[in-house]
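Trainee: Quick note, the sequences are listed as chains A and B, same order.
For the first sequence, this note's numbering assigns the number 1 to the initial residue and increments by one for each residue that follows.
For the second sequence, this note's numbering assigns the number 1 to the initial residue and increments by one for each residue that follows.
Quick caveat, the hints were computed from the structure, so don't treat them as lab data.
Honestly, I wouldn't trust all of these hints.
[Said to hold, decoys possible] List time: in silico BS3-like cross-link candidates among lysine-lysine, alpha-carbon distance up to 25 Å:
{"hint": "1", "chain 1": "A", "residue 1": "9", "chain 2": "B", "residue 2": "3"}
{"hint": "2", "chain 1": "B", "residue 1": "231", "chain 2": "B", "residue 2": "247"}
{"hint": "3", "chain 1": "A", "residue 1": "34", "chain 2": "B", "residue 2": "3"}
{"hint": "4", "chain 1": "A", "residue 1": "105", "chain 2": "B", "residue 2": "3"}
{"hint": "5", "chain 1": "A", "residue 1": "105", "chain 2": "B", "residue 2": "247"}
{"hint": "6", "chain 1": "B", "residue 1": "247", "chain 2": "B", "residue 2": "222"}
{"hint": "7", "chain 1": "A", "residue 1": "105", "chain 2": "A", "residue 2": "201"}
[What the hints assert, rightly or not] A few chain B residues facing chain A, derived, Cβ under 10 Å:
{"hint": "8", "residue": "82"}
{"hint": "9", "residue": "97"}
{"hint": "10", "residue": "102"}
{"hint": "11", "residue": "104"}
{"hint": "12", "residue": "128"}
The structure displayed is predicted, hence computed values, not measured ones.
Glycine is no exception: its CB is placed at the ideal position from the N, C-alpha and C atoms.
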Amino acid sequence: MSAMDYVKKSVVDLMQAARDWRVWVMLGTTDILKRYRRSRIGPFWITASMVALVAGLGIVYSSIFVMSLSEYLPYVAINFVIWGLISGLVNDGCSAFLESESYMKHFNLPKSAYVFRIVFRNLLISAHNFIIVPVVLLSFAIPVQPAIILVIPSLVIITLNGLWVGLLLGMLSARFRDMPQTVQSIMQVVFFITPVMFHTKQLSPSVQSFLDFNPFAACLAIARDPLLGNPPRAHDLILALVCLCLGWLIVLPFFGRFRDRIVYWL
Amino acid sequence: MAKIELVDVTVDIPVYNVRGRSLKSMVFQHAIGGRVRARERGDVVVVRALDAVSASFSSGERIGVIGHNGAGKSTLLRVVSGVYAPTTGHVWVDGEVSALTDIMTGIDPEATGYENIIYRGILLGHTRSQAKALVPEIEAFSELGEYLNLPVRTYSTGMMMRLLFAIATSIRPAILLMDEMISVGDANFVEKARARLESVISEASILVISSHVESVIREFCKRVIWLEHGKIIMDGASGEVLDAYRKTRT
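Could you build all of it, start to finish, from the sequences and the hints given here?
Mentor: Right, here's the structure in full:
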């Protein structure tokens, strides 16, 4: 089989998964419901813990960085909400197939449906976190610019990046069980070299130019900038799109080649 | 017209993390299990679960699969259901397949009986309203009444079996695969369950059932495939194959 045949196989699987959306929407939703069953505020624990994190961090770090709270807190709050989505997609992507083992061994669903499940679940979690964004914008009286609408295409780019990352890491993690731990450790480091808590402006120019090649920083920035009223920088947008294209270019033939093997690895 | 066609189907199942390097030089040959052999490189052990199996099943056939534990019966069913893609060989399946294998899969213990019916229905490819349409019938058959409003973790084993059985048999697939006869322990329920299962079986165009209980196979199947070490030893009329199978066991 040629690479093109594998690409076709991947596309067929992805289209079937899109057609079977009811299955992954149901699985993703019940994943969240299961986690918060019998709890009084349920999934709003996600929102509550994000509020606590952002408030604590905002107060302490604004004083460490000698910035005013009204400047720092909205910045860090929005960053954490988006970073939660990005890191969630990457970390959870590792378990896409591992945690669906029993389903994969008994139902003949398209394999990518299990990655859709993970992506959908993370979007749901993120939706709970996004509640704090308008609250922060309003309470710090940040003017809402028309550019804010650009957050939507940016989130689409992040989600589509998450989908290929999930397919790739999901497969690698099913085959090589050291993968999830490796990814987790790497993501911890990535967190510290991505401007989530700090501002790129605070860095020396040489480090800044180094961070220009951090795709995580680019994905973060394209969604954060519109929420703070600025259109995304062309540089960030290009880097995020290059990631998207390169990622899918690699994953489509790879997924088509190993799709049928995944169940044997579990 | 439902149809299943297997041509030279071989399934190799890799077993990772088998640390015993001594396995490398060995090729096992036991009464039970598939053939275990080590691949040339690395310490990946490969079990040949099916070995060049060819067979074709057409509409109206009732096929029983017998063999020792690990002879490849379940693997054969998983190949037909599309869960396992064969390592080499080809499979053609024409018709909607449903497997009554692990009926526990996808049951959420914290969700109510009603919710679990919906979940299961969606997993089987229904829309939410189609899944809801299954409810009255399952309600009536399982006789669980108000308990369907409670989380299934509160159910007794017998109640759980009733629900699982009722959900599993609420579908009417063209090709029905069963790994062992599913049964319910409850004495009052047995007859009712049996009648329902028989109606599901009779409505299926093709039935493939694997079991090592001969009486089950004798009752439901006209044709029997006898598997050993992943190979078909015999494929023919059930009386003949079962007699030959029994001879090797005594």
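Trainee: None of the hints should be skipped; say for each whether it holds.
Mentor: Quick rundown of the hints versus the structure:
Between residue 9 of chain A and residue 3 of chain B the alpha-carbon distance is near 23 Å, which keeps this suggested pair within the 25 Å criterion. With a C-alpha separation of about 18 Å, the suggested pair residue 231 of chain B and residue 247 of chain B falls inside the 25 Å cut-off, and the hint holds. Our distance criterion of 25 Å between C-alpha atoms is broken by residue 34 of chain A and residue 3 of chain B, whose separation comes to about 40 Å. Simply put, residue 105 of chain A and residue 3 of chain B have alpha-carbon atoms about 22 Å apart, close enough for the 25 Å limit, and the pair holds.
Restraint check for residue 105 of chain A and residue 247 of chain B: the C-alpha separation of about 34 Å exceeds 25 Å, so the hint is violated. Distance check on the hinted pair: residue 247 of chain B and residue 222 of chain B sit about 19 Å apart at the alpha-carbon level, within 25 Å; holds. Taken as a hint, the residue 105 of chain A and residue 201 of chain A pair is broken in the structure, with Cα atoms around 51 Å apart against an allowance of 25 Å. Interface restraint check: residue 82 of chain B against chain A, minimum CB-CB distance 4 Å, threshold 10 Å, status holds.
Interface restraint check: residue 97 of chain B against chain A, minimum CB-CB distance 7 Å, threshold 10 Å, status holds. Interface hint at residue 102 of chain B: satisfied, since its Cβ lies 5 Å from the closest Cβ of chain A, which is below the 10 Å cut-off. The beta carbon of residue 104 of chain B is positioned within 10 Å of a beta carbon in chain A (closest approach about 8 Å), and the interface hint is therefore held. Interface hint at residue 128 of chain B: satisfied, since its Cβ lies 7 Å from the closest Cβ of chain A, which is below the 10 Å cut-off.
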